[in-house]
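Participant: For reference, the chains in residue letters:
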Amino acid sequence: MTELQHTHHDLAHGHHGPPPPRTGLRRLTGPGYLRALWLTLLFGAIGFGIVVFFRWLGGWDPILHWDVLATVAFMTTAPVGFLAGLGAFDYWIYYISGRPTRPEDHSGHGAYSWRDYFRVNTDHKVIGVQYLVTVFFFFVLGGLAAMLFRAELAQPDLQFVDGQAYNGLISMHAALMIFLFIIPAFAGLANFAVPLMLGATDMAFPRLNALSFWLLPIAGLMLVASFLAPGGAFASGWTAYPPLSTEAPMGQIFFNMGVQWAGASSIMTALNFLVTIITMRAPGMTFWRMPLLVWANFTTSLLVVIATPFIAASQFFILFDRIMHTNFFTVAEGGYVLGYQHIFWFYSHPAVYIMMLPGFGIISEVIAVFSRKPVFGYRLMALSLMAILVLGFSVWAHHMFVAGMADWLRVPMMVTSMIIAVPTGVKVFSWLATMWEGRLRFGTPMLFALGFLSMFVLGGLSGIFLASVPIDIHASDTYFVVAHIHYVLFGGSVFTIFAGIYYWFPKMTGRMYSEGLGKLHFWLTFIGFNGTFFPMHWVGLQGMPRRVADYAAEFGNWNLVMTVFSFLLGISTVVFFYNMIVSWARGPAAGSNPWRALTLEWQVSSPPPVFNFDEIPQVVGGPYEYGVPGARHAVLHAAAATEAREEEVVR
Amino acid sequence: MRRGSIVRMVVYGVLAGTVASLVAVAVPWLPTSASEQMDRIVFTFWFTTVICIGIFAIVAAIIVYCVLKFRAAPDDERDGPPVHGHTGLEIAWTAVPAVLVTAISIVSAIVLAQNEDAGDNPLRVNVTAAQFAWSFEYPAENGEGGLRSGELVLPVGRTVRLRLNANDVIHSFWVPEFGQKSDAVPGIDTHLVITPTRIGSYSVVCTELCGLGHSTMRAPVAVVSEEDYDAFIARLASNGGGSGEETGEGIFASAGCGSCHSFEPAGTDSQVGPALDDLAGAAENAGLSLEDYVREGIVDPDARIAEGFQAGVMPKTYETTLTDEQLDRLVQYLVEGQS
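Top line first, the protein sequences correspond to chains A and B. Residue numbering for the first sequence follows our numbering, starting at -16 and increasing by one per position. Residue numbering for the second sequence follows our numbering, starting at 1226 and increasing by one per position.
Misleading hints may appear alongside valid ones.
[What the hints assert, rightly or not] Some chain A residues near chain B, calculated using beta-carbon distances under 7 Å:
| no. | residue |
| --- | --- |
| 1 | Val314 |
| 2 | Val394 |
| 3 | Met397 |
| 4 | Leu449 |
| 5 | His457 |
| 6 | Pro592 |
[To be verified] Derived DEER-like restraints, expressed as beta-carbon distance ranges:
| no. | chain 1 | residue 1 | chain 2 | residue 2 | range |
| --- | --- | --- | --- | --- | --- |
| 7 | A | Val258 | B | Thr1546 | 55 to 61 Å |
| 8 | B | Pro1364 | A | Leu204 | 52 to 58 Å |
| 9 | B | Asp1525 | A | Phe560 | 26 to 32 Å |
In case anyone wonders, no lab produced these hints; they're calculated from the structure. Where a beta carbon is used, it is the ideal one built from N, C-alpha and C, also for glycine.
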């Protein structure tokens, strides 16, 4: 089957396949890591030269101002050089320079060996895998940071790290998990699944797609590199409130700039999803026939393009205050420190939906397929996503109930925060109704979906407490908040990421993972998660503030319990990685549709052919018509479809 | 749905609700209240908890029921019934939660209004936060302000209105037993209303990440009888209370030294910073006279770090916030108090 499709595409698109090996000088000038190396150095030197030249010209002292040099040379021009060297801009440069555009050889499309995953690749399926492998690398780093500070917290007083190192670890943990794990993990899963689900051959802008992936490792390495900065890693939390962050050592700049790169990556991807979903749906794929994963990524992408510029702005303000001597947050010069929090949370509250809506989409797929039933109230499920999108922009100040903001803002923001529980509740009840009277199968994706459902309900309920202003005044900035965000971001988002990984693993790799290890991973995660985070609820309410390296002795026992369970959580990921790596290499062949799902990605081979579909499919019905006699979602080959229909008539 | 399955669902729901209620009752979720505001927060908390346990019980019962009842046999390849939705149900689970969260919102808004009401004649105390110490300024008996202390002492039963401000970065004032919390923000004044109801000792906890010494930023709180409060104010007034005329002992208290350091003459016993009772040996090791050593420790605390402590935690601002005379008196007080 796959062979046939290759022939077909050879006819349609000319040559494609692995690029010919380069020799001699071409190895230095052609796209690749060698060119990336010298262009990174060259661009870094150019940035360095620009700063030094203008500081010399202006007579500014010192000429070597390391904050400015780091910002311009290390974190702006050098990464651009790296991208150029790798070949992210090659096609555009050809186009802009007026040279005849190269014929479409598709040599950068599709993966033929593991090396192709380390190149600028324009295939959405390759990019999806690149995203996922990259984000799990940063997931490990973020998790190790968490285990280090949990070790410190096992006992009161300071044992392993000092105040700076502790604050650096908690800030790094949050920044990596949010910007380099959860947000891009969903981008990776959607990159793989959405074009297939739409019946499209790729994303709308494959080169932009490749570029947005390659911004991500840059952002991640930038954040991690801050450990090497003089004064240590950024240590004012992932929220980076001024004046603490404007006065912090140089490591803070790495956060300011890392967020810009990660944010640019998200915005580009979101634009790409929006255009793809609006313009590249297969014939017959109306909005009301789109799978809910597509709906979820549509709303998420709207959130990203509207909200992400706000965090970019907030970090630029901090950076400008430091290196350009602006006074956005300098109180003595009339700065207004709460202005930062408003701008920051105007992104960062919608960001929790950016980190949750794609997960909702995954859960809708998994629960429908593993219950063998249509999604209950499909249209209300899609509309509730849109309701969360709109309401999500009207609740940001609930993060600021104790911040000293205008008093009148609190009650309206409380009401909107409470109301947003309603569309979320609609989703939970609809999932339950989908399972009702279904034929439930408890494969690993379904276990994680059920784990998500129960944990997310707990996280949602603790959110009601935090939305209530008087309770929040007591609970704000305590471990209760830490418990809440982990119930929604770990019990919520991360469980859905695992559900999605297990669900699409056979499609991505063509191989089946080990169910036994998958289930072991689930139970270790579920137990480790609850043991780590459930006690935080009362420890916080009783009086333990968040972000402290040392705490009152009365909380010692519970903290020891949490640390022990957090290490169990660490062990659970070892099981996960073992399962993924070994199954990818040696797992049994999965077949094209192991879950007997109806959505389009399961109607092609595993892994799918380079251009996804032989012919663009014709969509003829909804995506979840389980149990409906004779119902179909799509017809893949006109001839085959006619045949199938005739067979049915004969029977 | 058959009657048997309804009964089973209800049983699961009651079981889940009972377990959740046991967890709610068995675990000491909240500290014992010590203020009228906390009493109302506790009420709101339990009001919300009851509703949430109800929702949790329903969801848990349905999940458990589905898992037990609708498990497909391994060889069962059939699909479930093609039910696409039910308008009545969908309206119900949109409307009922909306009513419940509206109820919680109304209760919360009323409680908030009550908790913000300071009454006609509250005691007014100014709170200043700085890395990493708290300072409190009380009105004198003659009505004029300016009596400073590193300890928050409040008369029981009297409503106090705190005015908070920060010198450097954002801090947050929280006494868990009082429930109330507010950030102290550079450049703007924030306020908190507290009516203490229980005599006892508590602790101010900083809950906004404020730098290296964030976890050590505590201050003692005492709720005392009206007479004891008057005596405390009289004592502050007699040793100068931050007026510039105060004694060394008064400066030690008003600058908040006792929040972190134990010093027997002042009766403080905090372990956050090094003890100050026996500094002669350390001064000798440093090759300084005792007086110079103590002075250096106040104006340039990171010059020498005692073993077991870290740099960057003690404020470096005392050289500017204390006058030369105050500094002399404080050094004298510490030198004379050596054991």
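Participant: Each hint: holds or not?
Facilitator: Hints, verified against the model:
no., hint, in the structure
1, Val314, "4 Å, holds"
2, Val394, "5 Å, holds"
3, Met397, "6 Å, holds"
4, Leu449, "10 Å, violated"
5, His457, "5 Å, holds"
6, Pro592, "27 Å, violated"
7, Val258/A with Thr1546/B: 55 to 61 Å, "59 Å, holds"
8, Pro1364/B with Leu204/A: 52 to 58 Å, "56 Å, holds"
9, Asp1525/B with Phe560/A: 26 to 32 Å, "50 Å, violated"
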